[in-house]
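Using the sequences and the hints given, assemble the complete structure.
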Amino acid sequence: MENGGNWKDGGEPAGAGRGTERIAGQAGSAGGGGGAAPGAGIGAGGGGAAGNGPGHGNGDASGAGRARPAGSGGASLGDAGCGAFAGSGSPGGRLGSAGAARERPAAASPGRRFREALRAERPLQIAGAVNAYAAMLAQAAGFRALYVSGAGVANASFGLPDLAITTLNDVTEDVFRIAGAVDLPLLVDADTGFGSAFNIARTVREMSRAGAAGIHIEDQVAAKRCGHRPNKALVPPREMADRIASAADARTDADFVLMARTDALASEGMEGAVARALAYVEAGADMVFLEAATSLADYRTFTAEVKVPVLANVTEFGRTPLFAAEELAGAGVAMALYPLSAFRAMSAAALETYRTIRARGTQAELTGRMQTREELYRVLGYYDYERKLDALFARNDEPEEG
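Positions in the sequence shown are counted from 1; adding 605 to them yields my numbering.
Treat the hints as calculated values from the structure; they're not laboratory data. Treat the hints with care, since some could be wrong.
Claimed, not checked - Label pairs and their calculated CB-CB ranges:
# : residue 1 : residue 2 : range
1 : 995       : 887       : 53 to 61 Å
2 : 982       : 949       : 20 to 28 Å
3 : 958       : 979       : 17 to 25 Å
All figures in this text were calculated on a predicted structure; none of them were measured in a lab. Glycine included, every Cβ here is placed at the ideal spot set by N, Cα and C.
Here is the structure:
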């Protein structure tokens, strides 16, 4: 199914760099973390060459690459000179051959891979992952794209509620780890952009540098709330359009996905949500996230009017019913998001495990429901690492010539 002629192309960029005339005068909302220095140039270099902090650049020419810190994965052994782990150092068949770095053709940027996934699956099912290992499990299950939730970062990484407490650096740190562990493209929750125009430009650059395929920015005020809670307050449509224009102007990779999220349905109705979405697309958004829809009819109406790919947030215990992927496809939805499904299941299982051990003094009755060591090793590619390590020690044991 095609969404107004824009579905089939995977949501090509709606015009990176448009709307720049609005940036200088943007009022912006206060707050946000990791503020850029005054006068930081919007659209200044992104890119993988320098990476995000100390490490070894693994970026592509688009600027969407990521750096891997020395010592992560197997990189430290490769850096030490043995070459056994040359390359990315990540599991899953990506280890370099022993003794020499392997030359690889330039890979498609994360944004390009997200758009390719969107063309391949309708709706594209996007799984939330709160850490690198959860991302590896989602990849093993066959998902084509992943999501880093702002609530997931706050809840799982910091033990905080989803109330705009975490910063840009908090989120990019998790993005960096997850992007380094899997080959799947990551859509990242950037809340309200972490500040005003210059901060939003920095958000785009840092997310791209960390390995994100794209971000979504929402139209709530800076002191935002969970999208499925009451009393949300929105910025004026023009201010949100300026947020999107700032992000579009900062892109160095035209395939980096810019998604606008609107929370207007609850307070302004369908007419207000559609009007806002169209303004955000005009400002440079490639795709739109309609938050807290309550019926398939909502999606049908919205997708008929908004001619770019639309995302449905199928989160548990919220305002949106748990529609099946087939139902969403029939309503014109391009992407189905499951932001915290695995995290909720993991949390319930962990609490049961802790309570059982505490009450009974043993975990024996739970082992049938646990991941086995062998299953863990398969996900991690443990034996690939071990074979490389064995080969390294075997070479070190060889007598020196002469």
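Taking the hints in turn, this is what the structure says about them:
1. 995 to 887: 53 to 61 Å: holds (59 Å)
2. 982 to 949: 20 to 28 Å: holds (26 Å)
3. 958 to 979: 17 to 25 Å: holds (19 Å)
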